[in-house]
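S.K.: Here is how the chains run, residue by residue.
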Amino acid sequence: MADLRIKIGQLEFRNPVILASGTCGYGSELEDFINLSELGGIIVKGTTLEHREGNPYPRMSETASGMLNAVGLQNKGIDYFEKNIYPHLAEYKTHVIVNVNGNTIEDYVDLSQRINTLSAIPAIELNISCPNVKKGGMIFGTNPASAREVIYAVRRVYDKTLIVKLSPNVTDITEFARISQEEGAEAVSLVNTFLGMAVDVRTMRPKLSTITGGLSGPAIKPVALRMVWQVARAVSIPVIGLGGIMNAEDALEFIMAGATAVQVGTASFINPRAGTEIVGGIEKFLVEKEMDSVSNITGIINRI
Amino acid sequence: MKKRIEDLTVIGNSKLTEGFFVIKVSSSEDLTGIKPGQFVQALVTESPSTFLRRPLSVHDIDPGENTMSLLVQIAGPGTERLSRITPGEKLNLIYPLGNSFTLPARGERVLLAGGGCGMAPLLYLGRKISESGVQPHFALGFRNRSRILSHDEFSALGPVFLATEDGSKGYRGFVTDIPEFRNEHWDRVYCCGPEPMMKAVAALCRKRDIFCEVSLENLMACGLGICLCCVVPTTSGNLCSCTDGPVFNINDLKWQTSG
Ligand SMILES: Cc1cc2nc3c(=O)[nH]c(=O)nc-3n(C[C@H](O)[C@H](O)[C@H](O)COP(=O)(O)OP(=O)(O)OC[C@H]3O[C@@H](n4cnc5c(N)ncnc54)[C@H](O)[C@@H]3O)c2cc1C
Ligand SMILES: Cc1cc2nc3c(=O)[nH]c(=O)nc-3n(C[C@H](O)[C@H](O)[C@H](O)COP(=O)(O)O)c2cc1C
Ligand code: FES
Numbered sequence: 034m035a036d037l038r039i040k041i042g043q044l045e046f047r048n049p050v051i052l053a054s055g056t057c058g059y060g061s062e063l064e065d066f067i068n069l070s071e072l073g074g075i076i077v078k079g080t081t082l083e084h085r086e087g088n089p090y091p092r093m094s095e096t097a098s099g100m101l102n103a104v105g106l107q108n109k110g111i112d113y114f115e116k117n118i119y120p121h122l123a124e125y126k127t128h129v130i131v132n133v134n135g136n137t138i139e140d141y142v143d144l145s146q147r148i149n150t151l152s153a154i155p156a157i158e159l160n161i162s163c164p165n166v167k168k169g170g171m172i173f174g175t176n177p178a179s180a181r182e183v184i185y186a187v188r189r190v191y192d193k194t195l196i197v198k199l200s201p202n203v204t205d206i207t208e209f210a211r212i213s214q215e216e217g218a219e220a221v222s223l224v225n226t227f228l229g230m231a232v233d234v235r236t237m238r239p240k241l242s243t244i245t246g247g248l249s250g251p252a253i254k255p256v257a258l259r260m261v262w263q264v265a266r267a268v269s270i271p272v273i274g275l276g277g278i279m280n281a282e283d284a285l286e287f288i289m290a291g292a293t294a295v296q297v298g299t300a301s302f303i304n305p306r307a308g309t310e311i312v313g314g315i316e317k318f319l320v321e322k323e324m325d326s327v328s329n330i331t332g333i334i335n336r337i
Numbered sequence: 016m017k018k019r020i021e022d023l024t025v026i027g028n029s030k031l032t033e034g035f036f037v038i039k040v041s042s043s044e045d046l047t048g049i050k051p052g053q054f055v056q057a058l059v060t061e062s063p064s065t066f067l068r069r070p071l072s073v074h075d076i077d078p079g080e081n082t083m084s085l086l087v088q089i090a091g092p093g094t095e096r097l098s099r100i101t102p103g104e105k106l107n108l109i110y111p112l113g114n115s116f117t118l119p120a121r122g123e124r125v126l127l128a129g130g131g132c133g134m135a136p137l138l139y140l141g142r143k144i145s146e147s148g149v150q151p152h153f154a155l156g157f158r159n160r161s162r163i164l165s166h167d168e169f170s171a172l173g174p175v176f177l178a179t180e181d182g183s184k185g186y187r188g189f190v191t192d193i194p195e196f197r198n199e200h201w202d203r204v205y206c207c208g209p210e211p212m213m214k215a216v217a218a219l220c221r222k223r224d225i226f227c228e229v230s231l232e233n234l235m236a237c238g239l240g241i242c243l244c245c246v247v248p249t250t251s252g253n254l255c256s257c258t259d260g261p262v263f264n265i266n267d268l269k270w271q272t273s274g
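Going line by line, the protein sequences match chains B and F.
Position in the first sequence (from 1) plus 33 gives the number in the working numbering.
Position in the second sequence (from 1) plus 15 gives the number in the working numbering.
Worth flagging that the hints you see were computed from the coordinates, not collected in a lab.
It should be emphasised that the depicted structure is a prediction, and the values quoted were computed from it without experimental measurement.
Heads up, the beta-carbon is just placed ideally off N, CA and C, and yes, glycines get one too.
Just so you know, not all the hints are guaranteed correct.
[Claimed, not checked] Far from chain F by the CB rule (all over 10 angstroms, computed), these chain B residues:
{"id": "1", "residue": "ALA123"}
{"id": "2", "residue": "LYS167"}
{"id": "3", "residue": "MET230"}
{"id": "4", "residue": "ILE333"}
[Claimed, not checked] Label-pair restraints from in silico Cβ distances:
{"id": "5", "chain 1": "B", "residue 1": "VAL232", "chain 2": "F", "residue 2": "SER161", "range": "50 to 60 angstroms"}
{"id": "6", "chain 1": "B", "residue 1": "GLU71", "chain 2": "F", "residue 2": "SER43", "range": "41 to 51 angstroms"}
{"id": "7", "chain 1": "F", "residue 1": "ARG160", "chain 2": "B", "residue 2": "GLU64", "range": "31 to 41 angstroms"}
[Unchecked claim] Some chain B residues well away from chain F (every beta-carbon gap over 12 angstroms; in silico):
{"id": "8", "residue": "GLY87"}
{"id": "9", "residue": "ILE244"}
{"id": "10", "residue": "ARG259"}
Just need the whole structure built from these sequences, with the hints factored in.
M.R.: In structure tokens, the structure reads:
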């Protein structure tokens, strides 16, 4: 047996596989298929202070080896979350992380403060990279000064593990990773979706109600992997890699390029067991290579 | 019934008419817990353009053989690939998904209205209604005579009223033009078909104050309630058509009353 445990800040994870925000609901939706406690963690769907209905239908379009989405952070808001969803999450035997969103810095701060009081949530993922909202989201994640401001403000009120989720829709993603590190984040996760679009030639209309949306799935993997590799060399805090991971081999690529942990997103739509199968596949790989710990291969391509 | 992922074995694939076919698969697990109106998510491999699974309604269940039938219309690359599936091949399905139609009470008069691949869930629904001791009636609409799908299995369960848009068989017009639908008393109407048909049926039912459930075919990514892509606006906000639906009571939908 190989040791799959990893650490992000002071927080230890059973293994490096985490389900990505917006692609695993609140976890319970997957309980017929997997035992959540076999995962390193789950990041529940993008949460805001207020109730949001998201963008109008159609919000999804399949693309070659991927999909565009324009969900727009539909969620019932933090009050509902705390009262009706949190008590169930608190029973999970895996790390449950909340993906934090807002229109303004005050929104991010207020929400982080609220979640700071929830003892069963050991970490937040600060989403400054949602491409599907008009205010907030990616606007913070694509402007270095705004990114710094929001991370600084949240860090002051949030004292558990802070992960900043970076947008790939920038010229130099390492700049945002460095800012996250400087402002005291324990880790960065990347990537969120790439801004994209699709047109229905039959109706001569955009396929998404919002015209543009976020691209995910295997279509983005090579670009995501390149960004993870660049960021892992630019910062010393752990990097959580994601973007198009469908199986253990994909996950191992990210780990070998420098990711301490990985997230599994769109893959769960096609195979709801993808997350736990990837855990098994990583373990099998290490055993076959006679390696005792996943840390033996983290960033290995940079060492040889 | 718990949701499962399973490789089912294809035991038949028969063409009904141009572009329509029925796939029969057999399972190693019990299928009798599946409810009418539920659907499966079928994995279509081989091409990057069929990355996501394809949602398909459960057309019928044969408890004796432990088989499931799917009625499929070719709409694009995924359904085209499925049309070429042959006995012996495996078909990977996630099922059963979604809610279900609510069954009628004894003594009620019920009409099941549909057309094209929208007929898919109505056979199993008709069978379950019939088993519960209520006589189902079917109103089926087609473009013209040559597009009519074989409906012997429907006729075996109850009376079938036909409509074709050009009048080449049955009544001329849409399902909502069928006199039995317009004039006779109905306690419940169940509908699945193209959106304009469902809206017309909903409008007629609303006008006549008939209980009506429709099965929506929104675009889906996961079918599991984890992506929130399949939402439909309802009186209680955006709901997922894959978990809160696909079956909705028309009174809960924000559809305009005009057809
Ligand atoms: C709950 C549910 C049950 C369904 N049941 C059946 C069924 O029993 N039999 C059947 O033949 N079809 C059914 N459909 C529709 C079927 O899923 C689509 O036709 C199929 O996904 C198209 O895939 P494709 O690769 O062949 O075509 P694509 O290239 O993906 O699409 C071709 C065309 O069909 C449209 N389309 C794609 N997906 C859907 C969809 N989900 N609903 C409506 N239109 C769509 C596209 O906009 C496009 O215009 C159902 C859909 C849902 C949501
Ligand atoms: C339908 C959908 C909804 C998403 N919602 C969120 C969200 O609420 N917050 C967030 O940070 N990322 C969200 N994402 C982005 C994913 O977490 C992930 O970053 C992205 O999909 C790339 O990974 P993948 O290719 O493995 O899916 C969403 C992605 C999809 C497909
Ligand atoms: S299709 Fe994913 S939530 Fe309904």
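S.K.: List in ascending order the numbers of the hints, as given earlier, that are violated by the structure.
M.R.: Hint check: 5, 6, 7, 8 fail, others pass.
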